[in-house]
Amino acid sequence: MTRISGALRSPLTFSVLAGLVIGALFLLGTGADPVTAYRAVVTGALGADGIGPTLTTGTSVLGLALALAVPLRAGLINLGGDGQMVLGGITATMTGLHSPFPAPLTVVLALLAGLAAGAGYAVLAALCENHLGVPLLVSSLLLSYPAVSLASYLARYPLKEPGSSLPQTRALPEGVALPAFGDSTVTLGLVLVAVAAAVYWFTDRRTAVGYEIRMTGLNPRFAAYAGVGRQGLTLRLMAVSGGLAGLVGAIGVLSFPYRFVDGSLTGPGYTWTGLTAALLAAAAPLGTVIAAFFFAVLQVGGLAMERTTEVPRELTQVLQAIVIVFLAARLRLPGRRPRRSRESEAV
Amino acid sequence: MFLDSDLLMSALRALTPILLAALGGALCERAGVFNIGLEGMMLMGCFTSVATSWFTGSAWLGVLAAALAAAAYSLILAVGAVTLRGDAVVLGIAMNLLAVGLTGFLLRTVFGVQGTFDDPSLAGLPLIGGFTALAYLSWAAVAVAALLLSRHVWGLRLRGVGEAPDAAATLGVSPARYRYGVILLSGVLCGLAGAQLALGNVTLFTENMTAGRGWIAVVAVMLGRAAPLGVLLAALLFGLAEAAGFRLQGLGLPQQATDAAPYVVTLGALFLTTARRRRRPRTTGAVQ
Chain E
1 MTRISGALRS
11 PLTFSVLAGL
21 VIGALFLLGT
31 GADPVTAYRA
41 VVTGALGADG
51 IGPTLTTGTS
61 VLGLALALAV
71 PLRAGLINLG
81 GDGQMVLGGI
91 TATMTGLHSP
101 FPAPLTVVLA
111 LLAGLAAGAG
121 YAVLAALCEN
131 HLGVPLLVSS
141 LLLSYPAVSL
151 ASYLARYPLK
161 EPGSSLPQTR
171 ALPEGVALPA
181 FGDSTVTLGL
191 VLVAVAAAVY
201 WFTDRRTAVG
211 YEIRMTGLNP
221 RFAAYAGVGR
231 QGLTLRLMAV
241 SGGLAGLVGA
251 IGVLSFPYRF
261 VDGSLTGPGY
271 TWTGLTAALL
281 AAAAPLGTVI
291 AAFFFAVLQV
301 GGLAMERTTE
311 VPRELTQVLQ
321 AIVIVFLAAR
331 LRLPGRRPRR
341 SRESEAV
Chain A
1001 MFLDSDLLMS
1011 ALRALTPILL
1021 AALGGALCER
1031 AGVFNIGLEG
1041 MMLMGCFTSV
1051 ATSWFTGSAW
1061 LGVLAAALAA
1071 AAYSLILAVG
1081 AVTLRGDAVV
1091 LGIAMNLLAV
1101 GLTGFLLRTV
1111 FGVQGTFDDP
1121 SLAGLPLIGG
1131 FTALAYLSWA
1141 AVAVAALLLS
1151 RHVWGLRLRG
1161 VGEAPDAAAT
1171 LGVSPARYRY
1181 GVILLSGVLC
1191 GLAGAQLALG
1201 NVTLFTENMT
1211 AGRGWIAVVA
1221 VMLGRAAPLG
1231 VLLAALLFGL
1241 AEAAGFRLQG
1251 LGLPQQATDA
1261 APYVVTLGAL
1271 FLTTARRRRR
1281 PRTTGAVQ
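Top line first, the protein sequences correspond to chains E and A. Going by my numbering, the first sequence opens with residue 1, and the numbers climb by one from there. Going by my numbering, the second sequence opens with residue 1001, and the numbers climb by one from there.
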């Protein structure tokens, strides 16, 4: 009994339960049966037809959740995931279209190019904070808009598929693609993201760098006193973060439909879902993986729910946000304290 | 002619929603609350104003409802950050996400459409001399906020709450009460900003129609150092960028370039103004 009440009192469990209860009230408000609707979410996302799309969506959600968790572990919030991911995607597309090398080598080059583009762009935001004093939260988000516009321009004009009415680039050459599992849309990208998660777990738990990052998150002033250079750390963490986001973009174009389609990377809101997952888990590696999977299930299951019960899929987005609202009010994130006075908030 | 009175007029129209939201953000900043939920509060205002205007046929009732709804929505930040001492940044991010989901959900369930609700019988705000009444109100609000902050005892206490809450509490000024006040006020202002966006600048509701304007307002607070006149100048800069973007689009520049213009200009301005103030002790993102 004590274990059950203890789990209920944990902010995490409370937030998820509160989200589900409020979601049920919304469902009752629209005249739907909550049990039927939630069952449709679960069976739609985890049933035979749903598991493929869930893993495909999960690849992007987990990739971005990891990307945003890495700086969050040190108390830094990167809001520029969209821009970093899209630049990664368009750079990988250009590499794939113009590389003179054989297909397998081109795939590797495209992945690396996407990673480098995302990392480089995120570093720009870190430099803004370090040298210009623009808070990372703001610089990363504002930089995101021009990047998305640039990629959109490239896909609609210089790289546009001739004769097509869709805002998309030409398809990548035959063979320039990540191998898929069977007939599904799940590709090797899922394995790459899983490896990234394992590396993150190992770094966090077993290495000095991981310890430094966690220490900075828990108490930045103590970490600085102990010799952790904040500016260098911000730069490195943002490079890793943007690199992962860029990699997700590259994986996106090297999987079905094997081209850059304007809006297909930003439309599903992977960045915000990923950030929500990272926040929910307080950026802990294993927790981030679980939370990302949970939200991928919600996202794909939401579509199934819409089909069977006619409840709009936006409900799942409402659920996600409610969970975080409850969590933010009850849980202290690493490195971020409520402001009491000007002195105690100087981080 | 590129720089003419038409450009200035459209810049002034574009700046109104930003200015209203940023004034709310600036007051919160002065009271020591970092409010980045402006975007979400505005979006709630957009939807409520359109829904109310459509059902009642009165744009003014739409404006009133938007102010009330956004104020109610801002209670999430007030209760979460002030009473429960939660993280204002995370709450703000969650509120922005929740608003996108909630308005999208309501658009589907109330109007049964996806994407855009656009009806010829939807009542918009009338124009007086080329501007809506809300535009004039926003300019008046700048003056009122500036006077309150610099001349009135309420403004003095508000600044005290932001700068030294413990000292303010010792003098019998309740920081929590002042913070609730400014958060609710920022909700009202964001609601008006949303109504201006959805019933003034255009007459329709589109999913996520604020499109980053709330974030620009957060930046305007930083650029203007949370002072009403500074915020006005920052919002004017954004308005000019947006208006110039439309003008350039007319001259044949692709839409993507003009879409990005306000953000690039804002970033540039941020660089120029913050470069002089570097090497300050870092805060959680707040303006000093």
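Think of the hints as simulated: they come from the structure by calculation, not from any bench. Each residue gets a CB set at the ideal place from its N, CA and C atoms; glycine is no exception. Be aware that a few hints might be false.
[Claimed, not checked] Every beta carbon over 10 angstroms from chain E, so not counted as near; a handful from chain A, in silico: (1) 1007; (2) 1036; (3) 1079; (4) 1087; (5) 1089; (6) 1152; (7) 1212; (8) 1227; (9) 1230; (10) 1244; (11) 1247.
[As the list claims (entries may be wrong)] Computed from the model, here is a short list of chain A residues facing chain E with C-beta under 8 angstroms: (12) 1006; (13) 1072; (14) 1105.
[Stated by the list, open to error] Label pairs and their calculated CB-CB ranges: (15) E:101 x A:1229: 32 to 42 angstroms; (16) A:1068 x E:33: 41 to 51 angstroms; (17) E:101 x A:1211: 51 to 61 angstroms; (18) E:171 x A:1255: 23 to 33 angstroms.
Exercise for the section: Taking the numbered hints from earlier one at a time, note which ones the structure violates and give those numbers from smallest to largest. Expected result: Numbers 2, 3, 4, 5, 7, 12, 13, 15, 16, 17 - these are the hints that the structure violates, sorted from lowest upward.
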